[in-house]
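Colleague: For reference, the chains in residue letters:
2 protein chains.
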Amino acid sequence: MNEKNIPAIVISRLPKYLITLEKLHNQEIEKTSSNELGALLDITPAQIRKDLSFFGGFGKKGSGYSIPNLIHVIRDILNLDIVWDVAIVGAGKIGQGLALYEGFLNRGFSIKVLFDNDPNKIGQRVGVHQIYDIRNLQVIIQDLNIKVALVAVPQAHAQKVADQLVQAGIKAILNYTPVYLTSPNSDVVILQIDPILQLQNMTYYLK
Amino acid sequence: MNEKNIPAIVISRLPKYLITLEKLHNQEIEKTSSNELGALLDITPAQIRKDLSFFGGFGKKGSGYSIPNLIHVIRDILNLDIVWDVAIVGAGKIGQGLALYEGFLNRGFSIKVLFDNDPNKIGQRVGVHQIYDIRNLQVIIQDLNIKVALVAVPQAHAQKVADQLVQAGIKAILNYTPVYLTSPNSDVVILQIDPILQLQNMTYYLK
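The listed protein sequences correspond, in order, to chains A and B.
323 is the number of the first residue of the first sequence in the numbering used here; add one for each residue after it.
323 is the number of the first residue of the second sequence in the numbering used here; add one for each residue after it.
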């Protein structure tokens, strides 16, 4: 199998498969089927069989999928066999909310550091995390060898912060601002969490 | 054109087309091409031509797309010709951050009301929005005829809140909790904003 040949749209579905498989695994269920996964995920069983066929022949016809094996393979493909350290830039409400987000536990990511430019916030704590001066962003991110960052600054500062992160060696940026961010380096992945894009997608289904 | 035949994956790309087209339009650009849109959106021109072909023959070969026309058609398909009122449930950091989110302005959505169960928060203001008692959720949502809600409560309360929203007549839920929410009504659309799902998608590209 050449992992480079997996389409981005298939990759984007793997985390959803993973969360569902882990839920089944937590219920001590060992086997599943494309029908069961399809019903849980609202994806057609044919699509699921096609997606999983990219990762080799481990879903033998009629015998179902081994859940522990499938979890292992998907975590391996997504590089989740290690825990990724994460920096959050912007300690406003969204940034602090992310620092405290209950969903980070045991899912492959660990918030390491939080930055802000507000002297009243620098040095304060958000849960177990201390807020650092954004002027030390580059030094700290390089020292800690962090590759993943969440950006939750006011939109006017967003691109400048993204540029600083790329310069500091960040390779994946999750952008919580409404600004579309770009990187001069093509090896940096940027995704945007813009509620409007999701809401505009849902209103299609409302008549 | 039968809008029902448009695949969900195409619909999910339309808001991204829209944001890019509106950016061009703000720069007083009147025409674009699948090549230009493709470069701006990191989607192949062939995919863009195929997506837009679902909406009729308005991209004549060689003449490019009329940006105002394309904006009009996409907004019409996505039901964005009206402004949708939105309720936020949970006035913690994420909920308050969403209430103050700069990206909501002029994009088809208007935050109308914010709910919480904390007596210290009820009656307080977040920007121009007042926080209401969650016990009045059903009455207020029905009175205001709100169909769209954002859920940003602690995960232990998430499904219960979703059930209450569905009962109150909400038809689209954007879920900011790490819990996978379900609805007994198949006409309710639920999307989840889980940063981990996005981060797990990006780590595939990090070696």
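One or more hints might be untrue.
A pair counts as met if it fits within one copy or between any two copies, since identical chains are not told apart.
Straight-line Cα separation of at most 30 angstroms, BS3-like style, residue types lysine-lysine; simulated pairs [unchecked claim]:
{"hint": "1", "residue 1": "Lys345", "residue 2": "Lys443"}
{"hint": "2", "residue 1": "Lys372", "residue 2": "Lys353"}
{"hint": "3", "residue 1": "Lys482", "residue 2": "Lys529"}
{"hint": "4", "residue 1": "Lys469", "residue 2": "Lys482"}
{"hint": "5", "residue 1": "Lys415", "residue 2": "Lys434"}
{"hint": "6", "residue 1": "Lys482", "residue 2": "Lys493"}
For the record, the hints were derived by calculation from the structure and aren't laboratory data.
Colleague: Hint by hint, note whether the structure agrees.
Modeller: Structure-based check of all given hints:
1. Lys345 x Lys443: Close neither inside one copy (38 angstroms) nor across copies (34 angstroms); limit 30 angstroms.
2. Lys372 x Lys353: Within one copy only: 18 angstroms inside, 38 angstroms across.
3. Lys482 x Lys529: Classified as between; 26 angstroms across copies, 40 angstroms inside a copy.
4. Lys469 x Lys482: Within. Shortest intra-copy distance 18 angstroms satisfies the 30 angstroms Cα cut-off; inter-copy 37 angstroms does not.
5. Lys415 x Lys434: The answer is both: 18 angstroms in one copy and 19 angstroms across copies each meet 30 angstroms.
6. Lys482 x Lys493: within (16 angstroms within a copy, 38 angstroms between copies)
When each numbered hint is compared with the structure, a violation occurs for hint 1 only.
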